[in-house]
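Starting from the given sequences, assemble the full structure and let the hints guide the process.
Protein chains: 2
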Amino acid sequence: MAQLNRQDCERMDVDDPLAGFREEFALPEDTVYLNGNSLGAMPKKAMAQVQQTVVNEWGKDLIKSWNVHDWFHLPQRLGDRLATVIGASSGEVLVTDSTGINLFKVLSAALTIQPERTKIVMEGSNFPTDNYTAQGLVKLLGDRHEIIFAEEEAIVEAIDDSVAVVCLTQVHYKSGRVLDMKAITEKTQACGAVSVWDLCHSAGAMNVDLNGCNVDFAVGCTYKYLNGGAGSPGFLFAAKRHHGKALQPLTGWWGHKAPFAFDRDYTPADGIDQMLSGTQPIVSLALTEVGLDIATRADMSLVRRKSQQLGDLFIRLVEQLCGDYGFQLASPKDADRRGSQVALAHESGYAIMQALISRGIIGDYRAPDTLRFGFAPLYVSYADIWDAVSQLKDIMQNEVWKQEEFNRRLAVT
Amino acid sequence: MAQLNRQDCERMDVDDPLAGFREEFALPEDTVYLNGNSLGAMPKKAMAQVQQTVVNEWGKDLIKSWNVHDWFHLPQRLGDRLATVIGASSGEVLVTDSTGINLFKVLSAALTIQPERTKIVMEGSNFPTDNYTAQGLVKLLGDRHEIIFAEEEAIVEAIDDSVAVVCLTQVHYKSGRVLDMKAITEKTQACGAVSVWDLCHSAGAMNVDLNGCNVDFAVGCTYKYLNGGAGSPGFLFAAKRHHGKALQPLTGWWGHKAPFAFDRDYTPADGIDQMLSGTQPIVSLALTEVGLDIATRADMSLVRRKSQQLGDLFIRLVEQLCGDYGFQLASPKDADRRGSQVALAHESGYAIMQALISRGIIGDYRAPDTLRFGFAPLYVSYADIWDAVSQLKDIMQNEVWKQEEFNRRLAVT
Numbered sequence: 006m007a008q009l010n011r012q013d014c015e016r017m018d019v020d021d022p023l024a025g026f027r028e029e030f031a032l033p034e035d036t037v038y039l040n041g042n043s044l045g046a047m048p049k050k051a052m053a054q055v056q057q058t059v060v061n062e063w064g065k066d067l068i069k070s071w072n073v074h075d076w077f078h079l080p081q082r083l084g085d086r087l088a089t090v091i092g093a094s095s096g097e098v099l100v101t102d103s104t105g106i107n108l109f110k111v112l113s114a115a116l117t118i119q120p121e122r123t124k125i126v127m128e129g130s131n132f133p134t135d136n137y138t139a140q141g142l143v144k145l146l147g148d149r150h151e152i153i154f155a156e157e158e159a160i161v162e163a164i165d166d167s168v169a170v171v172c173l174t175q176v177h178y179k180s181g182r183v184l185d186m187k188a189i190t191e192k193t194q195a196c197g198a199v200s201v202w203d204l205c206h207s208a209g210a211m212n213v214d215l216n217g218c219n220v221d222f223a224v225g226c227t228y229k230y231l232n233g234g235a236g237s238p239g240f241l242f243a244a245k246r247h248h249g250k251a252l253q254p255l256t257g258w259w260g261h262k263a264p265f266a267f268d269r270d271y272t273p274a275d276g277i278d279q280m281l282s283g284t285q286p287i288v289s290l291a292l293t294e295v296g297l298d299i300a301t302r303a304d305m306s307l308v309r310r311k312s313q314q315l316g317d318l319f320i321r322l323v324e325q326l327c328g329d330y331g332f333q334l335a336s337p338k339d340a341d342r343r344g345s346q347v348a349l350a351h352e353s354g355y356a357i358m359q360a361l362i363s364r365g366i367i368g369d370y371r372a373p374d375t376l377r378f379g380f381a382p383l384y385v386s387y388a389d390i391w392d393a394v395s396q397l398k399d400i401m402q403n404e405v406w407k408q409e410e411f412n413r414r415l416a417v418t
Numbered sequence: 006m007a008q009l010n011r012q013d014c015e016r017m018d019v020d021d022p023l024a025g026f027r028e029e030f031a032l033p034e035d036t037v038y039l040n041g042n043s044l045g046a047m048p049k050k051a052m053a054q055v056q057q058t059v060v061n062e063w064g065k066d067l068i069k070s071w072n073v074h075d076w077f078h079l080p081q082r083l084g085d086r087l088a089t090v091i092g093a094s095s096g097e098v099l100v101t102d103s104t105g106i107n108l109f110k111v112l113s114a115a116l117t118i119q120p121e122r123t124k125i126v127m128e129g130s131n132f133p134t135d136n137y138t139a140q141g142l143v144k145l146l147g148d149r150h151e152i153i154f155a156e157e158e159a160i161v162e163a164i165d166d167s168v169a170v171v172c173l174t175q176v177h178y179k180s181g182r183v184l185d186m187k188a189i190t191e192k193t194q195a196c197g198a199v200s201v202w203d204l205c206h207s208a209g210a211m212n213v214d215l216n217g218c219n220v221d222f223a224v225g226c227t228y229k230y231l232n233g234g235a236g237s238p239g240f241l242f243a244a245k246r247h248h249g250k251a252l253q254p255l256t257g258w259w260g261h262k263a264p265f266a267f268d269r270d271y272t273p274a275d276g277i278d279q280m281l282s283g284t285q286p287i288v289s290l291a292l293t294e295v296g297l298d299i300a301t302r303a304d305m306s307l308v309r310r311k312s313q314q315l316g317d318l319f320i321r322l323v324e325q326l327c328g329d330y331g332f333q334l335a336s337p338k339d340a341d342r343r344g345s346q347v348a349l350a351h352e353s354g355y356a357i358m359q360a361l362i363s364r365g366i367i368g369d370y371r372a373p374d375t376l377r378f379g380f381a382p383l384y385v386s387y388a389d390i391w392d393a394v395s396q397l398k399d400i401m402q403n404e405v406w407k408q409e410e411f412n413r414r415l416a417v418t
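Protein chains in written order, with the numbering used here: chain A, 6 to 418; chain B, 6 to 418.
The hints are simulated quantities; they were obtained by calculation from the structure and are not laboratory data. Treat the hints with caution; some may be incorrect.
One copy or two, it doesn't matter: identical chains are merged, so the pair holds either way.
[Unchecked claim] Calculated cross-link-like contacts (lysine to any residue; reagent style SDA-like; alpha-carbon spacing at most 25 Å):
1. 124 - 163
2. 192 - 330
3. 179 - 159
4. 65 - 371
5. 50 - 415
6. 69 - 364
Remember, it's a predicted structure, so these values are computed and weren't measured experimentally.
As structure tokens, then:
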């Protein structure tokens, strides 16, 4: 394969139909930010949005803002915008609470559909909060249910007609591996089970098609590829066919049929509204609109293609420039099986990542040996990839990372 | 009783030891804001705080902010500050999630303490989200529990040694009536039951003494008298004696003993941390610090005294200026039995409140006939009370409200 240089990468940027989006983000100087898979970058319009919510709405209109600025329906309004990004319909998505709380809600709702079944299929190596949430729910329900933890191919094998719910994350947080949402959902439903998908590492980075895959429920966060802000609220999806039937148990006044009637007893709201619980953090919630607005203007097919090309380029450049330094690819090489990130394994991974970060190449490290690099297609350029891998080469060639390793040992002893 | 005039009220402001706090809030001009019991006013430092979190932390330091700015421990840090305002100790309070989600957590935890008991005593006329939360939990637990709804004196009578949990709101959202936290908690615990208190309408408005009353668990919001911002996160309190024993079921990675070990299985964190669930909305969360900072500098005994004097003055002026217009006091007249708000009942309450609001006197209306006026002692002045009641008199005397009533009927038909 031909050797690439920086000019080749710059040419790819010139040809990039999404290149214009980078201007919408305030990226720090002298930084290559490859951690948008953990916390997305700040859109330039973020402060204007916050100024509006805090000063003009809270500060000036005070309590009237609930009506005048319709704070009360922010979860639905933002959900409708997000719906267009993940293949859902209007009235099927809410932006609210945290991913974990939302998972508790939809998992509880999903378990009501086949109440006599007791098995929940999950991936043991998944980002663990999903597993913890399911474990908490199972314990609360009196340990009647059993979580079947499976990995890779064994996931599909574990799905049979004794299973109540299959709860999986589409893109693996560590390896970036993509599960086949359509095939797995088909098998799940062929077995009479209910599908729950976590989109944390896919929403905003690829063309997710919830209704095209006939998914039952989904959750996710807005602070990664949707650039909603630090710890910004999560989202949930419930397919219309389950509305009014599969109800969730965190029943607060926002999910009541008539919240301002102040009835003593809970009556579930119609539609997606029943999935709401209590009052939402309006400043963080309203802030997510800036990132969602960008995502809704981006063609997710182009986003997916660029994401794959960025990953392919990264892998190719690591082979070309860093082939001698003992890195193992810990993500699928096939771009169709990989989300928007690449993981490399290296026994000195921690020290190498520290050396990269101190040079402004921001990825992250996951024990025991994984360096993660995320490629948010709306603001990462092909030249960024060149710069990142060039720095990685320099760090390895000059053994800069050994000083980091030394510092670390010094700090431990 | 002597007739008062505006000069008398202005003199009270001159003598007010808390008067200086008003300068810390950005109150709109030509407004008397008597709705801080619903949404507190904006502290002037709010935008500086948001600018710091959004631009300097999220925007510049991006993912590093989780460590550099210690976002990860914001719930505990803010909780420790709030603890000093509500009579709790460091390590017993978290600012996190919503009030309802927190109530679900502590109610679940409380029910584990006397697992053979099945009765939960609540107040039927309470702000209903607490009741809805309990109803959702009871249903999820298989309807093994029974909620005993009681009112006023019957609450205490309902507490006996068959009761598992007594879950009450200290200050009633509508009438402002204060329950005797110490006496009720004593009786609760004498019966072997567990006490859960909702402080939504008391935290920041009066001297709450959770540990002085030996309370087991508590929840509340930060967006009323703690001025944390629109829908800002809730809080929860768990007495140290329950840590590590009474666990909550919304088990997310923030409540894990080693969140960054990414273990497959949940192991509860020590101490209050187990009460955490998932990732928090950092912008809204960090913003609460501005209001909490003000509250921690205010002597809550002085706050309580001023709150009572504002309420007494309001009631006295309504008698003096509006005695002929058919208002009924719908709050306790005795200031010791009343929180920081006064409710008036009037058959044309809705229209009267609309007329007040259109003149910049901001209270609110609760069906079928209640006008609510909240007195946030840190920024409401005695002269404000005069101005509010003077406007009320003018509206009644000139029958201005009848036009509102007319408009309303027009809108309905």
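Here is what the structure says about each hint:
1. 124 - 163: Cα proximity of residue 124 and residue 163: one copy only (10 Å, versus 41 Å across).
2. 192 - 330: neither (42 Å within a copy, 70 Å between copies)
3. 179 - 159: within (18 Å within a copy, 56 Å between copies)
4. 65 - 371: Between copies only: 23 Å across, 45 Å inside.
5. 50 - 415: Answer is neither; intra-copy 43 Å and inter-copy 41 Å both fail.
6. 69 - 364: between (48 Å within a copy, 14 Å between copies)
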